[in-house]
Amino acid sequence: MSTLQNTTEQILQLAAAHFKVPRETLTADDDFFKKLGINSLQALDLLTRLEQHFSIELPDYELQGVSDFRTLAERIQSRL
Amino acid sequence: MNGFQGKTLSWQVVDGTIELVLDRAPCNEIGSATLADFESFATALESLQKDAHALIISSARPEGFCAGADLRELYRRSEDLDHRERVAGLHDFLGRIHMVMNAIDAAPITTIAAVHGVTFGGGFELALTCDLIIADKMARFCFPELRLGLIPGFGGIPRLKRDLGNAVVRDLLLTGRSINATKAQSVGLVSQVAAEGDALRLARSTAVQLRKFDRATASAAKRFIKPIPYDMLRREIEIFCDLFTRPAVEAGLRKFVESKDPLPYLP
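Respectively, the protein sequence lines represent chains A and B. So the first sequence is numbered by the numbering used here: it starts at 1 and just counts up by one. So the second sequence is numbered by the numbering used here: it starts at 1 and just counts up by one.
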């Protein structure tokens, strides 16, 4: 079973690759809206990619108020 | 008229397939201009379908298929109206959009929605009028209306209930959550999931397959298996109009229109 640390790392790698930012510029505590410069539609896109990557369903209401990678990873981890 | 270029959409007939393409920034929100173009299409469909065996509806917008009703226009138009005028205007708008949706739903040719990205609210309802939904793997489906204090108003609930189990309808309607294409296929909503950017190609390939069948037989099969829930559709308009004039709806619309929230599309 994946650890929270491992899940976080996978999210950071996926976000870096898709939004074309260097992985080393992202940290778990970053606000992904600000750091990736994404809007709500791009956040939905990220959600879909994360669901596919982890083979989970993540209801979007669970992401309300979530803007940092660490909390996002915790939400995902609870469904793995 | 075998081709048309409107302000918000266009259509042409290609090898016996009518291709209707939505193209209004940012994500094909359905307001008065789109409705007028849709009405032109519904009128033209009568003659177009004589020479066609299929209809494909898709979007040229990279953001998605359609984000639903144009809530900003809806809010602006109702701002200065009194209660009676608001309901009358809304009733007229919904009656007109239902006529378009019913015309597509009842078309005697096989209809395909080729969707990608945001397929929300009225966009989801438009897809539900089609016989088949072919979805890009990045498509998401959602009925966010409850967060505005409303129900879907373009025929969504009766058509979703026609096509899927009641538990799935309740899940989508009452939670307002969005689901991805894989989930939508697993519950029976989507017939095929395409690779990213490939939904229209798959829809065209499916349209080629449809051409092999006798048109009258396909039409009879469709009429037999796909009844149009007219009574529920009419009731939906009444419920929507009843709900619309409540203060909670005005507050919800204002919040949406004025929102600086980075996630205004999420419930």
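Hints are computed from structural coordinates only; laboratory data are not their basis. These numbers were taken from a predicted model, which means no experiment stands behind them. Just to be clear, a hint being listed does not mean it is correct.
What the hints assert, rightly or not - The calculated lysine-lysine pairs, modelled on DSBU-like cross-linking and capped at a C-alpha distance of 35 Å, are:
| id | chain 1 | residue 1 | chain 2 | residue 2 |
| --- | --- | --- | --- | --- |
| 1 | A | Lys35 | B | Lys226 |
| 2 | B | Lys50 | B | Lys161 |
| 3 | B | Lys255 | B | Lys7 |
| 4 | B | Lys137 | A | Lys34 |
| 5 | B | Lys50 | B | Lys137 |
| 6 | B | Lys137 | B | Lys255 |
| 7 | A | Lys20 | B | Lys50 |
| 8 | B | Lys50 | B | Lys255 |
| 9 | B | Lys222 | B | Lys255 |
| 10 | B | Lys7 | B | Lys137 |
| 11 | B | Lys183 | B | Lys137 |
| 12 | A | Lys35 | A | Lys20 |
| 13 | B | Lys137 | B | Lys212 |
| 14 | B | Lys212 | A | Lys34 |
| 15 | B | Lys226 | B | Lys50 |
| 16 | B | Lys137 | A | Lys20 |
| 17 | B | Lys222 | B | Lys212 |
| 18 | B | Lys212 | B | Lys226 |
| 19 | B | Lys212 | A | Lys20 |
| 20 | B | Lys226 | B | Lys255 |
| 21 | A | Lys34 | B | Lys226 |
| 22 | B | Lys255 | B | Lys183 |
| 23 | A | Lys35 | B | Lys222 |
| 24 | B | Lys161 | B | Lys226 |
| 25 | B | Lys183 | B | Lys161 |
| 26 | B | Lys212 | A | Lys35 |
| 27 | B | Lys212 | B | Lys161 |
These are the hints, each one checked on the structure:
Annotation: proposed proximity of lysine 35 of chain A to lysine 226 of chain B is violated, straight-line Cα distance about 48 Å (limit 35 Å). In summary, the hint linking lysine 50 of chain B to lysine 161 of chain B is supported, as the alpha carbons are separated by about 30 Å, within the 35 Å threshold. Among the hinted pairs, lysine 255 of chain B with lysine 7 of chain B is consistent with the structure: their alpha-carbon atoms are about 28 Å apart, no more than 35 Å. Straight-line distance between C-alpha atoms of lysine 137 of chain B and lysine 34 of chain A comes to about 26 Å, which keeps the hinted pair within the 35 Å bound.
For the hint pairing lysine 50 of chain B with lysine 137 of chain B, the CA-to-CA distance comes to about 33 Å; that is within 35 Å, so the pair holds. The straight-line distance between the Cα atoms of lysine 137 of chain B and lysine 255 of chain B is roughly 31 Å, inside the 35 Å bound, and the hint therefore holds. For the given pair, lysine 20 of chain A sits about 49 Å from lysine 50 of chain B by alpha-carbon distance, which is inconsistent with the 35 Å threshold. With a CA separation close to 46 Å, the supplied pair lysine 50 of chain B and lysine 255 of chain B exceeds the 35 Å bound.
Between lysine 222 of chain B and lysine 255 of chain B the CA atoms are separated by roughly 42 Å; this puts the pair beyond 35 Å, and the hint is violated. At roughly 29 Å between alpha-carbon atoms, lysine 7 of chain B and lysine 137 of chain B fall within 35 Å of each other, so this suggested pair holds. At roughly 10 Å between alpha-carbon atoms, lysine 183 of chain B and lysine 137 of chain B fall within 35 Å of each other, so this suggested pair holds. For a cut-off of 35 Å, the pair hint linking lysine 35 of chain A to lysine 20 of chain A stands: about 12 Å separates their Cα positions.
Restraint check for lysine 137 of chain B and lysine 212 of chain B: the C-alpha separation of about 27 Å stays at or below 35 Å, so the hint holds. Restraint check: the Cα-Cα separation between lysine 212 of chain B and lysine 34 of chain A comes to about 52 Å, which exceeds 35 Å; the hinted pair is violated. Proximity of lysine 226 of chain B to lysine 50 of chain B is assessed by CA-CA distance (about 20 Å); at most 35 Å being required, the pair is judged to hold. As the CA atoms of lysine 137 of chain B and lysine 20 of chain A are separated by approximately 20 Å, the hinted pair is consistent with the 35 Å bound.
At roughly 16 Å between alpha-carbon atoms, lysine 222 of chain B and lysine 212 of chain B fall within 35 Å of each other, so this suggested pair holds. This hinted pair checks out: lysine 212 of chain B and lysine 226 of chain B have alpha carbons roughly 21 Å apart, not beyond 35 Å. The straight-line distance between the Cα atoms of lysine 212 of chain B and lysine 20 of chain A is roughly 45 Å, outside the 35 Å bound, and the hint therefore fails. For a cut-off of 35 Å, the pair hint linking lysine 226 of chain B to lysine 255 of chain B is broken: about 38 Å separates their Cα positions.
For the hint pairing lysine 34 of chain A with lysine 226 of chain B, the CA-to-CA distance comes to about 47 Å; that exceeds 35 Å, so the pair is violated. Taking the CA atoms of lysine 255 of chain B and lysine 183 of chain B, the gap is about 30 Å. The hint holds against a cut of 35 Å. A distance of roughly 50 Å separates the Cα atoms of lysine 35 of chain A and lysine 222 of chain B; the hinted pair therefore is violated under the 35 Å criterion. Taking the CA atoms of lysine 161 of chain B and lysine 226 of chain B, the gap is about 12 Å. The hint holds against a cut of 35 Å.
For a cut-off of 35 Å, the pair hint linking lysine 183 of chain B to lysine 161 of chain B stands: about 17 Å separates their Cα positions. Taken as a hint, the lysine 212 of chain B and lysine 35 of chain A pair is broken in the structure, with Cα atoms around 52 Å apart against an allowance of 35 Å. Under the criterion of a C-alpha separation no larger than 35 Å, the hint pairing lysine 212 of chain B with lysine 161 of chain B is consistent with the structure, at around 31 Å.
Consistency note: the structure conflicts with the earlier hints numbered 1, 7, 8, 9, 14, 19, 20, 21, 23, 26.
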